[in-house]
Amino acid sequence: MTQRPRHLVNESLELTDEALPATTVDLALSATRIQERHGSAAGARYRHFIGRALAAQPFAGRDDLLTLAALAAWRSGALAFRTDALRRLDLALAGGSTPLSAVAAALGLGEGGVAPFAQLQRDSRFGWPGLHAPGELLAVIGGFRGLYGPWLAPPVAALAGERPGTFLIRTGTAASAEDWLLTADVFGHTLVRLAVDETEHGSVAAEAETRWSAAGDTAPGLAEAGVAGAVLTVRAYTAQLWTPEAAR
Amino acid sequence: MALGNRWNKVSESPTRANAAMLAEELTAEDLFTEAPAVVDTALDEKLRQAYFWLVNRAVISPFYDVEFSTGAPVTFELGDAGAELHLPTDQSYSSNVLLPLLTFAVGGKCLLVGGPGRGKTTLAILMGVLAGSSAREVRRNVQQGQPQVTVSDLVGMPLPRDLVTAGSLAEIEIAWRSWLSQPVKIIDEYNRIPTKTQSALLTMVAEGYVESHDQMHSTAPESGVESWFFTANDDAGGGTFPVIQALRDRMDVTVAAQGFNNRFFDELVARVEAGERPEDHLPPELVFDADEQRLLEAAIRAVPLPGAVRRQLEFFASHFEFVQQGGRRFEYRTKDTVRTGGGEVAEVIEANSGADLQVDLGSQTANSLSVRSLQTLIRYAKAMAYFRGRPVVGLDDLAAVLPFALRGKLLPNELHPRFDVGADRELATDSISWLADLFAESRRQFTALGLGANDPISDALDLFNRGLDGVTSAQAAQRLTGIESLISGIAKQGKLYGRHFDDLLALKYLHQRYTNYVSWLGFSG
Numbered sequence: 001m002t003q004r005p006r007h008l009v010n011e012s013l014e015l016t017d018e019a020l021p022a023t024t025v026d027l028a029l030s031a032t033r034i035q036e037r038h039g040s041a042a043g044a045r046y047r048h049f050i051g052r053a054l055a056a057q058p059f060a061g062r063d064d065l066l067t068l069a070a071l072a073a074w075r076s077g078a079l080a081f082r083t084d085a086l087r088r089l090d091l092a093l094a095g096g097s098t099p100l101s102a103v104a105a106a107l108g109l110g111e112g113g114v115a116p117f118a119q120l121q122r123d124s125r126f127g128w129p130g131l132h133a134p135g136e137l138l139a140v141i142g143g144f145r146g147l148y149g150p151w152l153a154p155p156v157a158a159l160a161g162e163r164p165g166t167f168l169i170r171t172g173t174a175a176s177a178e179d180w181l182l183t184a185d186v187f188g189h190t191l192v193r194l195a196v197d198e199t200e201h202g203s204v205a206a207e208a209e210t211r212w213s214a215a216g217d218t219a220p221g222l223a224e225a226g227v228a229g230a231v232l233t234v235r236a237y238t239a240q241l242w243t244p245e246a247a248r
Numbered sequence: 001m002a003l004g005n006r007w008n009k010v011s012e013s014p015t016r017a018n019a020a021m022l023a024e025e026l027t028a029e030d031l032f033t034e035a036p037a038v039v040d041t042a043l044d045e046k047l048r049q050a051y052f053w054l055v056n057r058a059v060i061s062p063f064y065d066v067e068f069s070t071g072a073p074v075t076f077e078l079g080d081a082g083a084e085l086h087l088p089t090d091q092s093y094s095s096n097v098l099l100p101l102l103t104f105a106v107g108g109k110c111l112l113v114g115g116p117g118r119g120k121t122t123l124a125i126l127m128g129v130l131a132g133s134s135a136r137e138v139r140r141n142v143q144q145g146q147p148q149v150t151v152s153d154l155v156g157m158p159l160p161r162d163l164v165t166a167g168s169l170a171e172i173e174i175a176w177r178s179w180l181s182q183p184v185k186i187i188d189e190y191n192r193i194p195t196k197t198q199s200a201l202l203t204m205v206a207e208g209y210v211e212s213h214d215q216m217h218s219t220a221p222e223s224g225v226e227s228w229f230f231t232a233n234d235d236a237g238g239g240t241f242p243v244i245q246a247l248r249d250r251m252d253v254t255v256a257a258q259g260f261n262n263r264f265f266d267e268l269v270a271r272v273e274a275g276e277r278p279e280d281h282l283p284p285e286l287v288f289d290a291d292e293q294r295l296l297e298a299a300i301r302a303v304p305l306p307g308a309v310r311r312q313l314e315f316f317a318s319h320f321e322f323v324q325q326g327g328r329r330f331e332y333r334t335k336d337t338v339r340t341g342g343g344e345v346a347e348v349i350e351a352n353s354g355a356d357l358q359v360d361l362g363s364q365t366a367n368s369l370s371v372r373s374l375q376t377l378i379r380y381a382k383a384m385a386y387f388r389g390r391p392v393v394g395l396d397d398l399a400a401v402l403p404f405a406l407r408g409k410l411l412p413n414e415l416h417p418r419f420d421v422g423a424d425r426e427l428a429t430d431s432i433s434w435l436a437d438l439f440a441e442s443r444r445q446f447t448a449l450g451l452g453a454n455d456p457i458s459d460a461l462d463l464f465n466r467g468l469d470g471v472t473s474a475q476a477a478q479r480l481t482g483i484e485s486l487i488s489g490i491a492k493q494g495k496l497y498g499r500h501f502d503d504l505l506a507l508k509y510l511h512q513r514y515t516n517y518v519s520w521l522g523f524s525g
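Those protein sequences? They're chains A and B, same order as listed.
Start counting the first sequence at 1; every next residue gets the next number (our numbering).
Start counting the second sequence at 1; every next residue gets the next number (our numbering).
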């Protein structure tokens, strides 16, 4: 079966193309910004989650709107909003003005799931109710370019990156080898090729090169990111992100 | 979908993923502020959107001849005549759309060549519409080259009233033609314009003004950025009138319009049925207003050219000036000496049995590079890097634009064995492939000579450029010895190539400066 990039939290999601209500902030602009940065699928998810949240709290004030937008943006796969969304989530749970029903809708959870989710996120950026059992598949990443993925050659090895939620992936071998930086959490990921810059004598990014030379660029394709709390494996044309096995 | 709507599709997702863009942390407020505060970031994305609209919607150009790859592209050998098809691994582009678009962005001059009906004029008109003029206005302002066109036809004429009543030339008011101040100027079939009118055109193109009856008129539009598009169905000296060399030299880039790929016939049929022209349907969000044109041009000029890339360009350009038997004194052994003295460069090159013609890249050309060509090359390399969203110019950016910027300027030596006999004869007519190959070979030589890591002449220049404050007479004398030693090293190699010419003259320059400095130290006590 062809593996396509996906995050398992979105697996059973049925998107509704909500009409965005007129509010004191420009929701259409925010949807455009998500779409510009992360593509049309993320844009559609954002419209879905922010639409549902505002259906639960139709007359939200500006601060609540920002909270719901940050949560919906993060939930739609825009990693860059994670820190702001978590801060706002903690404030809401601590008795802020944003109703729990709206927060839950922005995250695609039931009201009872919000607090457990926040607790799971404190432990791991990959935490999600129902996806935290050991050895659970979290996401499929990459893929062959001919089948909608970014890679021309299969991934051969992966390493945990230096920052939480980051991994280095090497695709191809010898002359065709390329290095990629993956940044991920439970909702989304970004995958960026580390540029080969001829002006720097043909070397790949220095940080990546040092790490590969330490690990060997034919490492077994298994990396555990302790801080990130997820394991990345490479197989065939994709990389898969898993929750760690209990014994590991 | 209605036929009319098919034009309005503009890329919604970013046309190039940008690592820095994806890595930063954002807050909810960022969702509600207009995208990037840095204007030039938005403009490069807009430029790419315009490109993709042009190739995918407007001109049907499924050619990706400006190739970019990280690592080796997949390559297929085809047929029995050495044909190769490359599948690039990075975003690649169609030259006949990209180069005109970059010309629009930098405010340059582009010559579009190709047989009739290949979309040359349509592309030029589309550039005019991108600059904010209506399609109708742009079409009306296209100057049609024909054998009867006069200077007055191009620039305008004095008011008849003033011709009768004026007491002096200064009192004559000229009715300037409106096309002169358009941001995009289009001259169709410029090789059909009479020589005298071509000279008037040259003043406009070169100096940015026109003159008639002692009156001057600037051709600069509101933005201050003007681009010129010329079309011709021949680039080999044909046409009703030969193009004057000075005007030909002003063409920053020369691009061939590609033929139509018959696998895309359905789109052609749809257009015939709908009676539509692409220039009437440019999405308004792709139009660059005057401020954007100015910012775009400034942002492109600001893209840095790293020293390592500049050094490769220096090395490439150094091959072409020198010709061993071009003169007696060392400084005069150049192709220009031969040409301006009425000699034949090709014959002089052929007479030189000392150098290996296969290795000597300079022997492949009948002339050298002008400073103007090099400036153009730098400008377009910056534009290429900017268009690709790169923070600095890379060698691949330079390699991509070089053949188009040097076509018609660096001319092949037709007596060179490469063009005369052997496997590369097609390069005599395929100048883009030849120039690309020339640059690739120059890069190989640069690497083989290890100049990236060890370049004593660059080191000597750097040392001098640090200044002579505090340098003692003994130290200066030591440096003079070092320079003589470098010259001696080159002399011992026996064979002399173009790259040595610039090196030796630079060493002579340094020698002079240090000699003068030592004399001055002795004089001052």
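It cannot be assumed that every hint is accurate.
[Stated by the list, open to error] Computed, partial: chain A to chain B, Cβ under 7 Å:
| no. | residue |
| --- | --- |
| 1 | HIS132 |
| 2 | GLY135 |
| 3 | LEU137 |
| 4 | ALA174 |
[Said to hold, decoys possible] Ranges between beta-carbon positions, derived for each pair:
| no. | chain 1 | residue 1 | chain 2 | residue 2 | range |
| --- | --- | --- | --- | --- | --- |
| 5 | B | GLY82 | A | ARG235 | 31 to 41 Å |
| 6 | A | SER40 | B | ALA270 | 16 to 26 Å |
| 7 | B | ASP291 | A | GLU162 | 49 to 59 Å |
What the hints contain is simulated information worked out from the structure, not anything from laboratory work.
Positions of the beta carbon are idealized from the N, C-alpha and C atoms, including for glycine.
Which of the numbered hints are not met once you compare them with the structure shown? Of the numbered hints given earlier, those the structure breaks are 1, 2, 3, 4, 7, listed in rising order.
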